[in-house]
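2 protein chains.
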Amino acid sequence: MGSLDANPAAAYAAFAADVEPFRPLDADDVRSYLHKAVDFVYDYYKSVESLPVLPGVEPGYLLRLLQSAPPSSSAPFDIAMKELREAVVPGMTHWASPNFFAFFPATNSAAAIAGELIASAMNTVGFTWQAAPAATELEVLALDWLAQLLGLPASFMNRTVAGGRGTGGGVILGTTSEAMLVTLVAARDAALRRSGSNGVAGITRLTVYAADQTHSTFFKACRLAGFDPANIRSIPTGAETDYGLDPARLLEAMQADADAGLVPTYVCATVGTTSSNAVDPVGAVADVAARFAAWVHVDAAYAGSACICPEFRHHLDGVERVDSISMSPHKWLMTCLDCTCLYVRDTHRLTGSLETNPEYLKNHASDSGEVTDLKDMQVGVGRRFRGLKLWMVMRTYGAGKLQEHIRSDVAMAKTFEDLVRGDDRFEVVVPRNFALVCFRIRPRKSGAAIAAGEAEAEKANRELMERLNKTGKAYVAHTVVGGRFVLRFAVGSSLQEERHVRSAWELIKKTTTEIVADAGEDK
Amino acid sequence: MGSLDANPAAAYAAFAADVEPFRPLDADDVRSYLHKAVDFVYDYYKSVESLPVLPGVEPGYLLRLLQSAPPSSSAPFDIAMKELREAVVPGMTHWASPNFFAFFPATNSAAAIAGELIASAMNTVGFTWQAAPAATELEVLALDWLAQLLGLPASFMNRTVAGGRGTGGGVILGTTSEAMLVTLVAARDAALRRSGSNGVAGITRLTVYAADQTHSTFFKACRLAGFDPANIRSIPTGAETDYGLDPARLLEAMQADADAGLVPTYVCATVGTTSSNAVDPVGAVADVAARFAAWVHVDAAYAGSACICPEFRHHLDGVERVDSISMSPHKWLMTCLDCTCLYVRDTHRLTGSLETNPEYLKNHASDSGEVTDLKDMQVGVGRRFRGLKLWMVMRTYGAGKLQEHIRSDVAMAKTFEDLVRGDDRFEVVVPRNFALVCFRIRPRKSGAAIAAGEAEAEKANRELMERLNKTGKAYVAHTVVGGRFVLRFAVGSSLQEERHVRSAWELIKKTTTEIVADAGEDK
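Chains as they are written, first to last, in my numbering: chain A, 1 to 523; chain B, 1 to 523.
Okay, chain A solo, but in the shape it has when bound (with noise of 0.2 Å):
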């Protein structure tokens, strides 16, 4: 509608007094407002199911839809919200439909949301105790509370079991690249004391570890920190280990770099892997490191969640050898994003890289070490309210509905994964651990196969995939593993059931059908 060569200086709109002053939070629009959004919410979840899981728009749409100048002047909400109905859902990827296959499921809930309402209005910044006191204790409790779901050992808490403080506890981040981060300075820093570096000359000589099949962010995070690229190493995984980390690889490749003068710093363990979900062998590794006095941090973003239920808890064994874990209920524990807990078994060797002490944060509760200041364990210092949804998940819910939740998911992929092991022109590429299942058309190695080799089986795939996407009844999405073109099905975006991976499965069925007919008129 507008263009951008519209001049800009007409949003300076000169300030017409109005009769009433502007009250931007006066309580009565807020709730008309915010009664307006609920409407929105419930119809947005009646309907999601039956909207195109990814849109089918083109780059810039938006941009093409809505004016590209800011209005100089106010509209009533109600604009906002019928362009965002008009404009926005059509374009959105719904990562709340149940059809939504890709990734990892974005699970959510009504107490989540609840929370997190209730925490933009109070719109706290809890960067120190004094600044939110019941926002920095609600966190720390939250935190308890989970760290004695997943079993976590009382190192890891805020609160020993004596009531008292330890050394360890935890903190609520955005985003799993955060806790990398902020462990791999610390672990950076005290490599560097260690080693006898001159400032942080010896950075040269720290190296860093992690399995091939490790998230990409964690190679960034390094890299953001100041470790040397050359120094970044990825250890080859292979079928043998389910592309787990292999910890006699691991030790190879560490006492290697000890024997040539390096500094072994930070190992990077993960429980479920994005790609596949694999499970690095969490104790052994912890072995491994603790002959280089290198960090152990565990990434269980996804699967940590699983760890609540005793079922699962095993992937986590070794843990209490660790120095730090993160796990992300915006993943899988029904916390709308953002919320990664991260654990650490030493706050201080954390807060001795991460604290600041500027004189407008200084007050008597922080000076007299009682409390928890939470932005000494963040890269920045403000902080949302997060504890609030993620305590409000587990008091409302309680760990019988989150572990149903949990359970619920890993049965409804054990029946997709029945179902692709039922119909002989699929595999199931590697074990299934959680709610994942990676899987493919097979190559041609019997005449039931449709695909004759790798390559044209990598073709098929991609086929399948890029079809399926298309019809906007299901998003799947896809991943390499071993060399081979996978796709991924991911089950347990909120609002599934049985009947949609059913639905799904019947659409690949058909899709794959018609793939090879095509094939045959092609020839």
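I should point out that these hints are in silico values taken from the structure, not numbers from a laboratory. It should be emphasised that the depicted structure is a prediction, and the values quoted were computed from it without experimental measurement.
Which bits of chain A does chain B cover? Going by a derived footprint, with three or more residues having C-beta under 8 Å, they are: (1) 222–230; (2) 477–486.
Covered stretches of chain A (in silico footprint by chain B; criterion: 3 or more residues with CB under 8 Å from a CB of chain B, positions within the stretch not fixed): (3) 30–42; (4) 82–95; (5) 146–157; (6) 170–180; (7) 203–217; (8) 367–376; (9) 397–409.
Using 30 Å as the maximum straight-line C-alpha spacing, the simulated DSSO-like pairs for lysine-lysine come out as follows: (10) Lys82(B) with Lys36(B); (11) Lys459(A) with Lys362(B); (12) Lys509(A) with Lys470(A); (13) Lys362(B) with Lys414(A); (14) Lys459(B) with Lys470(B); (15) Lys36(B) with Lys82(A); (16) Lys509(A) with Lys362(B); (17) Lys36(A) with Lys46(B); (18) Lys509(B) with Lys46(B); (19) Lys362(A) with Lys510(B); (20) Lys46(B) with Lys470(B); (21) Lys46(B) with Lys82(A).
Positions of the beta carbon are idealized from the N, C-alpha and C atoms, including for glycine.
Fit chain B to the supplied structure of chain A, relying on the hints for placement.
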């Protein structure tokens, strides 16, 4: 109530099959929970004025009120709401209170809260364009709107005036610290390349600069990015520049480093420091930095919002010559936490350091180069739909109301300043640039002053702050400027009206009189 030595295993409740399966996002439940939350918010805004701004709670108070073990079974949402009202609210520091004058206000509005609610319900994760096209495009649009309100040159916008993609662009981040960190990393990598560093070896030669009034988070961000603490230059400021950065001193420091074979890499200029709202001269700083090809970042976290008014825009003069600028609508543009807008003149310099390209995120749109994948301009991968609330604020209130809001706050601050100047027991310590007044009980020079000398003045002002804050009727913070202990009176909490400012002044006068009387009795 509970205690942490309760057996955590109790949390592993056996899964008792309910009649109804668990539906965490049932639309009727969502609506019901949200209506309760809206009622809470309405009551909160109606009553927050009467709540103590700063609660009188002791460390650990909440942990004594709430159970220390997570519940094993579910509970009605009303239970969480009851504990919120009875245990959490009494321990909150009420940033939304009109009697809050500490730090900077966290301004907010009905449109922003509604936008945040909808974003948390849609719960998209817009790491790539494809993962949420509308979320990416609305964020880009909102940033371009704001750039126009700020009078930023087109080189910082995502769209050029001709409608195509330029080299500039923006991204919404969580905090200013993150904006500093990612630009520091981009500048670091560029400096390493141009200085011919072998890997990161040359990092020991890179130097960074900021005025001594710069937010402490800048110095922390430098350390996070691996800069040598010995190479982080804090340039002294004084009353002669109203505590703004002196370009001559900057030049001297940069030249000395360059002469010593070091590589000046990055300068942070602040428009509106946290301590006293000092303003570094943006254009002059840019001119100095240009001699050394150093990156210039402008931190306008708070005062950037004021620059939407033509009468304040001169504080950004010269911005067309800097490399990046960040400002936080969550501070003064009525957008709830968190929302920091980072603009860079050449996005490729940022994405060159921050890009990742894992297999499972590859897609045609990204490959085409026609879209922005915002994950490549931030620390993490996951990201909330923060553009929605920012867009809703501008769409609903328009430039006119936003300017009115800024001007109203500044006018109230001016009123307070005049009241202070009218009482010769007090002095305004530095010129008021925006809506922050730095004042103090003045040391005795005339008969009217109550504190003899600087030490006495500090004692009296500390006493004043503590007594004020203990009343619960006002919350002010302090700083130290030029060695003087000063009270910060920040106007602008969104529910604030002139009567609150006048009441706070009455309280300040009354409390000061009491302090004088008590001091007299002590003698």
